[in-house]
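Enquirer: These protein sequence lines are chains A and B, in that order.
1 is the number of the first residue of the first sequence in full-length UniProt numbering; add one for each residue after it.
1 is the number of the first residue of the second sequence in full-length UniProt numbering; add one for each residue after it.
Hints are computed from structural coordinates only; laboratory data are not their basis.
It is possible that part of the hints are untrue.
Which copy is meant is left open, so a pair is good if it fits within one copy or across any two.
[What the hints assert, rightly or not] Lysine to any residue pairs mimicking SDA-like chemistry, simulated, CA-CA at most 20 Å apart:
id	residue 1	residue 2
1	Lys112	Ser38
2	Lys149	Ile63
3	Lys149	Phe4
4	Lys147	Gly60
5	Lys14	Leu35
6	Lys126	Leu12
7	Lys14	Arg95
8	Lys126	Val108
9	Lys97	Pro128
10	Lys149	Phe133
11	Lys147	Trp81
12	Lys125	Phe4
13	Lys41	Arg132
14	Lys147	Gln17
15	Lys125	Pro50
16	Lys147	Glu86
17	Lys112	Glu32
18	Lys125	Asn51
19	Lys147	Gly96
20	Lys126	Ala141
21	Lys147	Gly87
22	Lys41	Asp22
23	Lys147	His117
24	Lys26	Gly138
25	Lys97	Leu131
26	Lys147	Pro128
27	Lys26	Gly98
There are 2 protein chains.
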Amino acid sequence: MVTFRKAIANDLDKIVQMLADDELGKTRERYETPLPDSYLKAFEAIDKDPNNELIVACLGEEIVGVEQITFTPYLTHQGSWRATIEGVRTASSERGKGLGSQLILWAVERAKERGCHIVQLTTDKKRPDALRFYERLGFIATHEGLKMKL
Amino acid sequence: MVTFRKAIANDLDKIVQMLADDELGKTRERYETPLPDSYLKAFEAIDKDPNNELIVACLGEEIVGVEQITFTPYLTHQGSWRATIEGVRTASSERGKGLGSQLILWAVERAKERGCHIVQLTTDKKRPDALRFYERLGFIATHEGLKMKL
């Protein structure tokens, strides 16, 4: 059975391995030993921010999935909180077994617990399968997602 | 000359007025006297969060624009911070004068100051003019933006 918990520093190696083991991730992550310091610093910033949660999915002791949930208070929509899901990955050994859905549905429940009115995410247009996956879960692609690299 | 500063509680009435004075905003905001308490609570949550900044653009004493910038540490992209821009509005009297561009470019500079590697936003597909506006400023619509209302 899959369990979910907040990530701890010791999980970081496995998490970065999953982030890098991905069609798009492999071109932009650096899974090395030791891990680049930037990952540790980001982990510490996430860990100490009460509005960010890095969540791992586990099968027994083994980490098989990860996602980050950011909770943001907004003035729009009459001053409502939103949850933003980012960095969703599953271990390649577990793909196609429903783990991705479990990760997202866990985040949706967590968003409800935190009093959010909207759950949102963006997905790269180079991942058409991911778009269909999120639509099947009930997300609606009402928005364009724009990025600018600095 | 337009100046920019962090919003204070006294600005809230004018900010909500601008959020409501908009094709999509008028259907989902409640600009009333007194303001619904949910706006005040959201303002307080934003104001006390060091990773959220509610910014107003002013002409003299008058508030003519607003935007919210959220700074988020992520593990992805080798552990980099991102800035997310949301709730961008300009006073109807000032539209078409370049104020929107100034707001966005101010946020981009602020994102650089905060060490962000990506600036991102989503724009409703019902606003094709907004999409072109952001593309002219250098944003690239690489992603689909999905939402789920709870």
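Enquirer: Would you mind marking each hint as holding or not holding in the structure?
Expert: Going down the list of hints, with the structure as the test:
no., hint, in the structure
1, Lys112 - Ser38, "between (31 Å within a copy, 17 Å between copies)"
2, Lys149 - Ile63, "neither (31 Å within a copy, 30 Å between copies)"
3, Lys149 - Phe4, "neither (32 Å within a copy, 23 Å between copies)"
4, Lys147 - Gly60, "neither (37 Å within a copy, 32 Å between copies)"
5, Lys14 - Leu35, "within (11 Å within a copy, 48 Å between copies)"
6, Lys126 - Leu12, "neither (26 Å within a copy, 40 Å between copies)"
7, Lys14 - Arg95, "within (16 Å within a copy, 49 Å between copies)"
8, Lys126 - Val108, "neither (24 Å within a copy, 25 Å between copies)"
9, Lys97 - Pro128, "within (19 Å within a copy, 38 Å between copies)"
10, Lys149 - Phe133, "between (27 Å within a copy, 17 Å between copies)"
11, Lys147 - Trp81, "between (22 Å within a copy, 13 Å between copies)"
12, Lys125 - Phe4, "neither (28 Å within a copy, 34 Å between copies)"
13, Lys41 - Arg132, "neither (34 Å within a copy, 36 Å between copies)"
14, Lys147 - Gln17, "neither (25 Å within a copy, 28 Å between copies)"
15, Lys125 - Pro50, "neither (31 Å within a copy, 32 Å between copies)"
16, Lys147 - Glu86, "both (14 Å within a copy, 13 Å between copies)"
17, Lys112 - Glu32, "neither (37 Å within a copy, 27 Å between copies)"
18, Lys125 - Asn51, "neither (27 Å within a copy, 28 Å between copies)"
19, Lys147 - Gly96, "neither (29 Å within a copy, 23 Å between copies)"
20, Lys126 - Ala141, "both (15 Å within a copy, 11 Å between copies)"
21, Lys147 - Gly87, "both (15 Å within a copy, 16 Å between copies)"
22, Lys41 - Asp22, "neither (22 Å within a copy, 40 Å between copies)"
23, Lys147 - His117, "between (24 Å within a copy, 10 Å between copies)"
24, Lys26 - Gly138, "neither (29 Å within a copy, 25 Å between copies)"
25, Lys97 - Leu131, "within (17 Å within a copy, 37 Å between copies)"
26, Lys147 - Pro128, "both (18 Å within a copy, 17 Å between copies)"
27, Lys26 - Gly98, "neither (23 Å within a copy, 40 Å between copies)"
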